[in-house]
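Q: What follows is the residue order along each chain.
Protein chains: 2
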Amino acid sequence: MTRFAFTVEFDGRPFMGWQRQAHGPTVQQAIEDAIHAVTGETVTLHAAGRTDAGVHGLAMRAHGDIAKDMTPFRLMEALNAHLRPAPVAILHCTVMPDDWHARFSCTGRSYVYRITNRRAPLTFEKGLVWQVSQHLDTDAMHEAAQLLVGKHDFTTFRSAHCQSASAVKTLSALDVVRDSEQVAIHARARSFLHHQVRSMVGCLALVGMKRWSVADMGDALEAADRSRLGLNAPPDGLYFVAAEYR
Amino acid sequence: MTRFAFTVEFDGRPFMGWQRQAHGPTVQQAIEDAIHAVTGETVTLHAAGRTDAGVHGLAMRAHGDIAKDMTPFRLMEALNAHLRPAPVAILHCTVMPDDWHARFSCTGRSYVYRITNRRAPLTFEKGLVWQVSQHLDTDAMHEAAQLLVGKHDFTTFRSAHCQSASAVKTLSALDVVRDSEQVAIHARARSFLHHQVRSMVGCLALVGMKRWSVADMGDALEAADRSRLGLNAPPDGLYFVAAEYR
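As they're listed, the protein sequences go chains A and B. If you read the first sequence in the working numbering, its first letter stands for residue 1, the second for the next number, and so on. If you read the second sequence in the working numbering, its first letter stands for residue 1, the second for the next number, and so on.
Some clues are possibly wrong.
[Stated by the list, open to error] Chain A regions said to be covered by chain B (calculated; three or more residues, Cβ under 8 Å):
#1 162 to 169
#2 200 to 207
[Said to hold, decoys possible] Negatives, chain B to chain A, calculated, CB over 10 Å:
#3 Ala53
#4 Ala67
#5 Ala89
For the record, the hints were derived by calculation from the structure and aren't laboratory data. Computed from a prediction, not measured in an experiment: that's the story for all the values here. Backbone N, C-alpha and C fix where the C-beta goes; we use that ideal spot for every residue, glycine too.
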């Protein structure tokens with residue numbers, strides 16, 4: 001058996017998320033099916049993160065153990081051929097030691113959340129960004145974001161379905177950057193709670209719209225109470241950007 | 001009658017191009033139909049440029065004369081509501097003097113042609129870029145592009161269906177810029193021949209692939225012979241960027 005690590009780009013629009021499900025197409029299933037078509041083997045993929053329905057991946061990392069003797073390049077080419085026309089592409093494929101694990105060896109994860117801040121309807125970006133018509137004060141959003149950076153109990157920003165043992169996480173960075181009508185929120189941490197990025201972004205948007213003050217964000221965090229969540233942003237704008245390994 | 005000028009963004013994938021046609025949806029028709037729905041008037045739009053099937057617009061300029069008394073803002077909002085779900089958005093709407101003409105007053109047009117230079121299949125960008133798998137030498141492409149800048153007979157780079165009176169045009173700028181796997185070719189001129197940008201890009205790609213030398217580009221231009229065209233790039237990567245008015 002050889003442990004192959006994959007870097008995967010995917011457009012989340014047609015998928016029920018990363019993880020294999022009984023009902024509906026997922027990215028994991030698409031790749032596992034392609035591996036089966038290429039090798040005849042039934043392989044279970046392990047990924048650095050799980051993404052919800054409609055969430056995208058720029059460089060998701062995953063691994064699978066394959067018996068068939070193939071170079072990483074040939075495997076990647078064959079998988080990409082079988083993945084068409086699904087919007088999933090293997091960008092890189094490498095052989096890793098057997099004790100390397102895409103999920104458990106991962107020491108950092110980063111996401112970007114993209115907002116298009118304009119009144120005019122979306123054309124190219126439907127399903128790829130969150131459109132917010134009301135002007136966002138991104139300076140206030142960035143200021144409020146800094147209250148979330150560090151080690152906190154993120155219960156307020158956690159989905160009811162979150163399976164993490166603890167709600168205490170360390171957020172390494174949360175930066176709000178505007179480039180004309182495009183607003184990007186960059187988040188980085190060792191790991192995130194389920195819905196944490198979307199929940200933080202939703203509340204940041206309330207700050208940007210002046211419906212919350214910067215202090216309201218601090219109060220919501222300190223409350224450690226899910227009923228204090230102001231808004232959960234839609235999946236459309238969320239991208240898994242990168243996984244770090246030391 | 002009031003002359004309204006529109007700035008239009010559109011995803012060209014579902015359209016047969018800008019200009020109204022008997023068969024198939026066009027951007028012009030979508031907007032004219034929306035104007036009819038809002039005002040009850042049959043208005044003919046005039047645009048700064050005509051784009052082919054599958055070509056996109058970031059800020060096409062167009063005008064139409066409308067009798068109904070509306071503010072530009074209300075007209076824009078109503079048109080955008082009626083344009084849904086077509087991927088066409090009116091970004092700006094202003095009132096212009098009666099002697100202002102989106103096409104005839106236009107003194108400069110710019111396009112960008114986007115190439116994704118990688119082996120992995122496209123995900124987010126299907127239909128929005130030209131994918132070139134073979135590595136492109138963008139320095140050589142930029143060098144070859146400079147041979148095309150200036151006043152020349154562009155017969156080699158002209159469609160057989162081109163209706164322009166003369167093939168002599170002045171190309172103001174043609175810049176090839178790489179950002180990682182993304183290659184952008186920026187073209188600016190007072191006006192272009194039909195297929196000129198796609199034809200120049202196709203030949204630049206041949207230079208980038210080392211199938212043409214830089215000197216081959218100069219020879220093809222000097223020949224002023226359409227049979228010397230090396231390659232016409234697909235519409236997918238072409239965007240009308242802006243129209244200038246003095």
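Q: Each hint should be assessed against the structure and marked as holding or not.
A: Here is what the structure says about each hint:
1. 162 to 169: With 0 residues close enough to chain B, the hint is violated.
2. 200 to 207: Violated, because only 0 residues of the segment 200 to 207 of chain A bring their Cβ atoms closer than 8 Å to Cβ atoms of chain B.
3. Ala53: Its Cβ never comes within 10 Å of chain A, the nearest being 16 Å, so this holds.
4. Ala67: Fine: 25 Å to the nearest Cβ keeps alanine 67(B) off the interface.
5. Ala89: 4 Å, violated
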